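Residue numbers (the numbering used here), protein chains in the order written: chain A, 486 to 606; chain B, 486 to 606.
Do not rely on the hints blindly, as some may be mistaken.
No copy is singled out in the list; a pair is fine if it fits within one copy or between any two copies.
Below, a list of computed lysine to aspartate or glutamate pairs in the EDC-like style, where the Cα atoms sit at most 16 Å apart [what the hints assert, rightly or not]:
{"#": "1", "residue 1": "Lys564", "residue 2": "Glu501"}
{"#": "2", "residue 1": "Lys564", "residue 2": "Glu528"}
{"#": "3", "residue 1": "Lys563", "residue 2": "Asp583"}
{"#": "4", "residue 1": "Lys564", "residue 2": "Asp583"}
{"#": "5", "residue 1": "Lys563", "residue 2": "Glu590"}
{"#": "6", "residue 1": "Lys564", "residue 2": "Glu504"}
{"#": "7", "residue 1": "Lys563", "residue 2": "Asp596"}
{"#": "8", "residue 1": "Lys563", "residue 2": "Glu501"}
None of these hints come from the bench; they were simulated from the model.
From a predicted model like this one, the values you see are computed outputs, not experimental measurements.
What follows is the residue order along each chain.
Protein chains: 2
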Amino acid sequence: MTTGIILFGHGARNPEWAEPFQRIRAAILRSAPQTPVELGFLELMQPSLDEAIDRLVQGGVGRISIVPIFMAAGSHVKKDLPQRAANAMDRHPGLTIDIAAPVGEATSVIDAMAAYALNPG
Amino acid sequence: MTTGIILFGHGARNPEWAEPFQRIRAAILRSAPQTPVELGFLELMQPSLDEAIDRLVQGGVGRISIVPIFMAAGSHVKKDLPQRAANAMDRHPGLTIDIAAPVGEATSVIDAMAAYALNPG
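If we strip away everything but chain A, and leave its shape as in the complex, we get:
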């Protein structure tokens, strides 16, 4: 069964705001070109999280790992996301969704942010 990834972001009015998300997706595809990976936004941007989930399921994905591209776990990550994931599993029987900790809590990401802060050049 194919596993897909959704990079879950907040969304914003300005389309430029999505650029780092597109760059994360491109970096994933560089190291794992076969991975089905979509962006999915909470609000203000397309595709929505629901659209991203539906797109992966239509492409034959049976398991989805949702990775919150958030600095920390606020209510969007702790409440909105699990609720929407539960609704999506109701909508797609047989689909499994795993929710990762937000990227900002990963030690490797924290170390990269610290190194950047010391030398933003």
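Fit chain B to the given chain A structure using the hints.
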């Protein structure tokens, strides 16, 4: 002249939300123990950005690098932050403030987020 760093975050109601910021600060101090480094929040959390700036200046810092701990540059980073930095430089003659690109736009951070998304453990 000593240069200080401010890790600039949005802020949230739940104190736990600040933990990744404290971890970034700790990682900076591990590799550069002498660096004056403060957290500074836009809203909802203490210390505020202004408080962080004042604290560094009182400690003898003449130049501050503000690093936005944001995934992407939205209006908080593009509008609120430069305005507050300009006000702070008016308030503290002789102080220089540099504003870095948000961490989420740094290639090293994007690569770390992509690696984490592929293997969140």
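We went through each hint and held it up to the structure:
Taking identical chains as interchangeable, the C-alpha atoms of lysine 564 and glutamate 501 lie at most 16 Å apart only when they sit on different chains, with a minimum of 15 Å there against 27 Å within one chain. Only within a single protomer do lysine 564 and glutamate 528 lie at most 16 Å apart by alpha-carbon distance; the minimum there is 15 Å, versus 21 Å between protomers. Within a single copy, lysine 563 and aspartate 583 get their C-alpha atoms as close as 13 Å, which meets the 16 Å cut-off; across copies the closest is 34 Å, which misses it. Proximity of lysine 564 and aspartate 583 under a CA criterion of 16 Å is satisfied intra-copy only: 15 Å inside one chain copy versus 36 Å between copies.
In this assembly of identical chains, the alpha carbons of lysine 563 and glutamate 590 lie at most 16 Å apart only when taken from the same copy (13 Å versus 25 Å across copies). For the identical chains of this complex, lysine 564 and glutamate 504 are neighbours neither inside a copy (26 Å) nor across copies (18 Å), given an alpha-carbon limit of 16 Å. For a Cα distance limit of 16 Å, the shortest separation of lysine 563 from aspartate 596 qualifies neither inside one copy, at 24 Å, nor across copies, at 25 Å. Only between protomers do lysine 563 and glutamate 501 lie at most 16 Å apart by alpha-carbon distance; the minimum there is 12 Å, versus 26 Å within a single protomer.
Violated hints, listed in ascending order, are 6 and 7; each of the other numbered hints is respected by the structure.
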